[in-house]
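Asks: Chains as they are written, first to last, in the numbering used here: chain A, 1 to 481; chain B, 1 to 306; chain C, 1 to 80.
Honestly, the hints are just simulated from the structure, not real lab data.
Ideal Cβ positions, reconstructed from N, Cα and C, are used throughout, including at glycine.
Be aware that a few hints might be false.
Calculated from the model, a selection of chain A residues having no Cβ within reach of chain B, i.e. all distances over 10 Å [claimed, not checked]: (1) K77; (2) F334; (3) S400.
In silico BS3-like links for lysine-lysine, alpha-carbon gap of 30 Å or less [claimed, not checked]: (4) K145/A - K66/A; (5) K352/A - K51/C; (6) K20/C - K365/A; (7) K145/A - K77/A; (8) K74/A - K66/C; (9) K28/A - K145/A; (10) K356/A - K20/C.
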Amino acid sequence: MLFNTGTFAIFFIIVFISYWLFLKNSVKWQNLFLLVASYVFYGWWDWRFLSLIFLSSLSDYLIALKIDAPIKPKSAKIWVTISIAINLIMLGFFKYYNFFVDSFIDLFALFDVELSKRSLNIILPVGISFYTFQTMSYTIDVYRKQLKATRDFVSFFAFVSFFPQLVAGPIERASNLLGQFYIKRQFDYEKSAIAMRQILWGLFQKVVVADNVGVVVNQIFDNYQQQSGFSLILGAMLFSFQIYGDFAGYSNIAVGVARLLGFQLMQNFQSPYFSQNITEIWRRWHISLSTWLRDYLYTPLAIKTRNWGSFGIAFSTMLTFLLCGLWHGAAWKFVIFGAFHGIALTYDIFTKKTRKKWRKQIHQKIYDPISILLTFSYWTFTLIIFRAQSAKDAFIYLKSIINKPLFTPDDLSLAGLKLTMVGIVVFFMAFDYMGRNKTFAIETTGKPWPNIGRFAFYAFLVFLIFLFFQTDGDAFIYFQF
Amino acid sequence: MLPVFLATFTVLWGLFTPSFIKDNLNYKLGSDSFLYNRIREAKQVQNVDVLVLGASQAYRGFDPRIFEEQGIRLFNLGSSNQTQIQTEVLIKTYLERLHPKVILFVVNPESFSMDGVESSIDFLCNGVIDNQVTAMVFRLNSIKTYFTFVYAGFRQLMGMDNDFVHPIQMEHDEYISGGFVEKEYQPYRDVLPNDSVRWIPRHFQMEAFERNIETLKKSKSCIIFVQAPVLREFDSKIMNAEWYNQYFASFNVPYYNYTQILNLPKSFFYDNFHLNQHGVDTFNNDLVERLALKQKITEVTMTYYH
Amino acid sequence: MNQQTLLSELSEIFNEVLDKEGIVLKPDTHAGDIEEWDSLTHIQLIVAIEKHYKIRFTSLEIQHWKNVGDICQSILDKTM
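In isolation and in its complexed conformation, chain A is listed as follows (with noise of 0.2 Å):
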């Protein structure tokens, strides 16, 4: 079930009113039904997909308690490397399996020799990426004894397909989370009415923002060949905001539906856009990814390589973020993407110091601005490879942007669709700018105003979201074949 269907709010209102009014007074029932709502949740996409989640849970379960109880020393990281093999197997197996085959065929290709292709119809099984991370984070932290094993079988597993978050994240920590299923939840009104308007704001950038915005970068990417240079460009920074508002909009309904159940996940997008520089979007953009491959990838790595001075660091960086660039898809042009990423942080580690002192010299008023403007572009270039259809298709796109003339004809048609699309994400980026120190936009937005008010605006946010509510479909039903 999709956020904003029909269906999922009708699941959730039974969850909800289930979990409050009949369970309110057991732990225990609570974290069951948790469970079972989850499965129910996750199996609706595909039955199949349960087994899946459920060896993941039931593995790193006993394997944790394992690390916690060694006979030897030794036999802790044995099984906490077990774990990683398991989730890191299941992982590319399902999900890069073909990626590993093609590439090795195009490989030996390059050297004339022929490799039959022994294709597998592999389905990916949805959120994969999210909840083998999420129990291999567990695993590992009981492993530095940064938490102890539990023996609860029941808030395990619900912590770990955990419906709001088990699909798109924010991927969470057992430290974070897995305690939040052993107190008893209260129902909060004030907590309830901000999970609330985290909802709404997240509808807001999901429909309003993402689904209109994403009707015109289809259309640019798609005939990226027939496009000027100003549509081209036009084309990318529309699709920055499209990911944007997708991704964090999915973020804000899970954490607002977690709180309407008295959990409090972790904030996965702090305002991004605003960053000076690369190092400062990852700091804001996917939180949850980023700090889980600092922990996980980064600083082991960083630490075993500590003494290779200046080399050891770029390579871990590098390492780290070709790696978050393969997370994101089984094909080159994740790779590639994470590589401009790698190579920027390498360059922000690297001047530092230089930064600094060119920001004091030009006055900072000056600086902060076109850094802004800077690390946006950037971030956009990337966006392109990342969005484009393949490696190839996105080398074209970046080349017609300087080979295409810059204005066409064509660029008149569909104006009225363009600038709307233009003035929504103004809108939208005014609100994300206000509220670029909040945990989402308007937490606090309105609050000095009288009710009437308020509702008023959340009332625009409403009317704002069926106003441009994508409706999907044509008006004929013509289908060729």
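Chains B and C: place on chain A using the hints.
Replies: Leaving out everything else, chains B and C in the frame of chain A:
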């Protein structure tokens, strides 16, 4: 509380935002179906001999002047992309006052596969919003229709467009009394699809169609199904044409598939779906003959006096 | 070597690596207390500390550190 705010915002948005903004509120006075003129004329007319119901093949395919020459009073109640849901509204509103002896129900498959939203906008902006139109809005249950309903309703309540005069001529089209729209001659210009085509019917349109036929059968009028001619080369690409033929035949109503009957080539059309005036002439004259319209009109008139 | 000497020596190292002045470390000081102490400078601090005391920490030891006090303990363990 919330609905009040939403309605208020809808009206304010419609009044003050420029029309180029692409959103779910679509208000436009005047359309190339000339529904505006047609509705206002229908409110004045009483007692016709023949009533035509359908989408664009109806109002562009039946020329009242040709029928008038044969002494038949014909009125066209059709509009662009009109679907069964809209035809239902027209039947319930105008059937009694028009009191036709014969109803020519144009049954071209396209109308069954449409969602009816576009036509509903036409009805809301260019028709008169009354109980039947309101019922249609709720039956359609579409966001776009709801928004337009609120805004158009407001404008009509406030009489904001009372001074509007719809032109009789628009680009190459001219509105002819009796609900017909004549297109200035232009040669055939359209593209044939490469692959086959299937008009997939929507359940709610089929249900509305069945309701319509039931209502019409209760009246004393003689109902005849007519599938207006489309270009034969296009028709041959429709995979489920036979399914529709059988569906229409199942209603125990005389059914004439004029694409098959006349099998007209490109010289009679200006696009894949619409006859040019020469085609209309040929089609209408054949219809009067083949359907023995004058005879049927006389028969039904007699039953009114029993 | 007592903890006080250790803390002042470490404060010096921190000052140098983080390019600051006047850092005064306490046993409960942790990364969140000093702005420049992030995942990157953390590595640089470790390298500097290891160089200064001519010791080498294991990865596990490093991961167990929660604050400066833990670091001191690890140093003492290795230099005793």
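Asks: Looking at the structure, which of the earlier hints fail to hold?
Replies: Checked against the structure, no hint fails, so every one of them is satisfied.
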